[in-house]
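Protein chains in written order, with my numbering: chain V, 1 to 286; chain Y, 1 to 352.
What the hints contain is simulated information worked out from the structure, not anything from laboratory work. Certain hints may be false.
Said to hold, decoys possible - Straight-line alpha carbon distances no greater than 30 Å define the calculated DSS-like cross-link-like pairs of lysine-lysine that follow:
{"hint": "1", "chain 1": "Y", "residue 1": "K55", "chain 2": "V", "residue 2": "K193"}
{"hint": "2", "chain 1": "V", "residue 1": "K193", "chain 2": "Y", "residue 2": "K102"}
{"hint": "3", "chain 1": "V", "residue 1": "K93", "chain 2": "Y", "residue 2": "K55"}
{"hint": "4", "chain 1": "Y", "residue 1": "K337", "chain 2": "Y", "residue 2": "K291"}
Claimed, not checked - Ranges between beta-carbon positions, derived for each pair:
{"hint": "5", "chain 1": "V", "residue 1": "W194", "chain 2": "Y", "residue 2": "N225", "range": "48 to 54 Å"}
{"hint": "6", "chain 1": "Y", "residue 1": "K131", "chain 2": "V", "residue 2": "L106", "range": "36 to 42 Å"}
{"hint": "7", "chain 1": "Y", "residue 1": "F26", "chain 2": "V", "residue 2": "S192", "range": "47 to 53 Å"}
{"hint": "8", "chain 1": "V", "residue 1": "I276", "chain 2": "Y", "residue 2": "K168", "range": "42 to 48 Å"}
{"hint": "9", "chain 1": "V", "residue 1": "W63", "chain 2": "Y", "residue 2": "K131", "range": "52 to 58 Å"}
{"hint": "10", "chain 1": "Y", "residue 1": "S69", "chain 2": "V", "residue 2": "Y90", "range": "27 to 33 Å"}
{"hint": "11", "chain 1": "Y", "residue 1": "K131", "chain 2": "V", "residue 2": "L136", "range": "52 to 58 Å"}
{"hint": "12", "chain 1": "V", "residue 1": "W194", "chain 2": "Y", "residue 2": "S69", "range": "45 to 51 Å"}
{"hint": "13", "chain 1": "Y", "residue 1": "D166", "chain 2": "V", "residue 2": "V24", "range": "54 to 60 Å"}
{"hint": "14", "chain 1": "Y", "residue 1": "E171", "chain 2": "V", "residue 2": "D180", "range": "39 to 45 Å"}
{"hint": "15", "chain 1": "V", "residue 1": "Y90", "chain 2": "Y", "residue 2": "E134", "range": "29 to 35 Å"}
Glycine included, every Cβ here is placed at the ideal spot set by N, Cα and C.
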Amino acid sequence: MEDKKSFNITFYLLILPVLLWLIVLIVLPHIDLFISSFQVDGDNGKVFSFDNYTTFFKNKIYWLTFINTAAYAIGITLLAFVVTFPVAFYLTKVVSRKYASFLSLLLLIPLWIGELVTVYGWMIILGDHGVINESLIYFGIIDKPIHMLYTNISMSIGLLYISMLFMVIPIMTTLESLDDSLIEAASDLGASKWTIFRRIIIPYSMPGITSGGIIVFMLVIGDYVAPDILGGKSSLWFTEQIYNEFLSTFNWGEGAAFGFLLLMISSSIIWAALRISGQKLERVGS
Amino acid sequence: MGKILEIKNLTKEFKEFTAVKDVSFFVEEGGFFSILGPSGCGKTTLLRMISGFIKESSGEILIKGESMSGIPPEKRPVNIVFQSLALFPMMNVRENVAFGLKRQKLSKQEVDERVKDMLGRVSLHGFEKKKVTELSGGQRQRVAIARSLVMKPSILLLDEPLGALDRKLREHMKIELKLLQKEIGTTFIYITHDQSEALVMSDKVAVMNKGRFEQIDTPRNLYKNPKTAFVAGFVGESNRFELTDYSDHKLTTENGWKVEKPNLDFTPKVLYIRPEALIIEPTDDIADLFKFEVVIKTILFDGSNTKVSAIVTSSKDELLISLPQNAKFEDLKEGDKVQVGVNYNDLKCYKE
Chain V
1 MEDKKSFNIT FYLLILPVLL WLIVLIVLPH IDLFISSFQV DGDNGKVFSF DNYTTFFKNK
61 IYWLTFINTA AYAIGITLLA FVVTFPVAFY LTKVVSRKYA SFLSLLLLIP LWIGELVTVY
121 GWMIILGDHG VINESLIYFG IIDKPIHMLY TNISMSIGLL YISMLFMVIP IMTTLESLDD
181 SLIEAASDLG ASKWTIFRRI IIPYSMPGIT SGGIIVFMLV IGDYVAPDIL GGKSSLWFTE
241 QIYNEFLSTF NWGEGAAFGF LLLMISSSII WAALRISGQK LERVGS
Chain Y
1 MGKILEIKNL TKEFKEFTAV KDVSFFVEEG GFFSILGPSG CGKTTLLRMI SGFIKESSGE
61 ILIKGESMSG IPPEKRPVNI VFQSLALFPM MNVRENVAFG LKRQKLSKQE VDERVKDMLG
121 RVSLHGFEKK KVTELSGGQR QRVAIARSLV MKPSILLLDE PLGALDRKLR EHMKIELKLL
181 QKEIGTTFIY ITHDQSEALV MSDKVAVMNK GRFEQIDTPR NLYKNPKTAF VAGFVGESNR
241 FELTDYSDHK LTTENGWKVE KPNLDFTPKV LYIRPEALII EPTDDIADLF KFEVVIKTIL
301 FDGSNTKVSA IVTSSKDELL ISLPQNAKFE DLKEGDKVQV GVNYNDLKCY KE
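Using the sequences and the hints given, assemble the complete structure.
Take a look at the structure:
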């Protein structure tokens, strides 16, 4: 009994910092924001109201922005899958183990630099006097620079670049556990390369694809830096609306409501996507 | 019966070594042919060349008289049962077995019929909807075999499929596989390092060592008359003695025995004696015996397969002797001194 008690004390002491961190820095602010999302300025201070939420649905610009954001996030998630799957396959199944870990390390380099710097990097590449335009002009392919920066395309490139790593890693993890003899067995049974890919490799790596998809979608839909810097004025990104509510119009109640709407709607999209694809959350990432 | 598979001078060279060296053999249609060899002898490489996953360096593979050179695995009339079984974990039993048939664009009805029929043959009727991860080892085995056999291959290649099973189940599957092969009539080529699997199931066994075939023979002949020292040592148990001389029809062993062995046309270097060829306390009326004395070291009780480990009194050599099954020497115990005899015909000599 003595032993058990002392174990308990040590256990609580060890878990205390984490609990404090979670409660003070995450749970309490969320509760505070949640409360303020239901508050509007009345005659005698704050009053309870659903106005902050109804504003979202009443104003076309808000929910259109949200739909635009969600559509881009879904598109970028799919694109991330298309771009990274061959990379993950190559690194786990084609290249020899000797180089695989080194190459995977190279993949992580953009993460060491940080999002802001990476995004500025893309400005240098995509700008009117950036690397791409200057080289195209130098080789005489175009006369005038193509306007690429501050468009939805440059924004998508940036978002894709900062998020695709989170797609590669879960897919690589599932592909690593894929026994090569499954591929050989399918081939032995008369399956073409395409059939093997569609019927064996994709279904097998579905848990990795799903967890990668969830991470990328959440990262993209909640990202602020890339849409703000690379998307420029024309980008309609929902996080920018939230930013404006907090810091431009100082309407914290509205901002908080938008924040919770973002959380709830994006979670619902993931839930729906899991239902449609027949995946179970418990299996994801295993 | 015709030759369903013919291999001519097949060689596979890898960067560092030659895995298969100039192997030639043929397999008769409807036979159960085993390739037996220690790990690393090249048997898996040979199998993968037959199935098309590895390209041969030189030589030719003919299936039903047609050259397989340049034909990819999915187009060859052979199917493999993999060592790991390689069942598709995301599919149920029915989907696994139907996988190959669906690739052939058969009607749904035909696919269903053939899958059902095949599952019946491997006694997995009613398991259609089960996930393969829910099956026992033996059942998974049968799904893997059904998945290949449903394709009606000319040859079924089996790459040590019993390796992962526990002993009891393996013994059971051995008999089951042999019966299944007899019933279905498909040619089986079975790869294994386990001599008992090869001997029990096969019509013919090829013993492979260091990329070459040492002997191709029926299991009985392989055991009774091993052609090389490797086969004598690898197939079944044997007591090995080094030889120093052969003259006047007499062998001289390293431990100083002089044993009569008439009419050898070569100078042997090693001598093998099977444990069951050693007769304990032979009676005087048995002719052509070489006799010596041993001291019993330990009794290795194994039911009907009980042996004793004994030390030769004159030389301290250790050897294995099978006990006869008539319980005559049941009370034999450690430290007993016994006479042992061996017939000259049971002395197997090799050049090495």
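Hint compliance check: list the failing hint numbers for this structure, sorted ascending. 7, 9, 12 and 14
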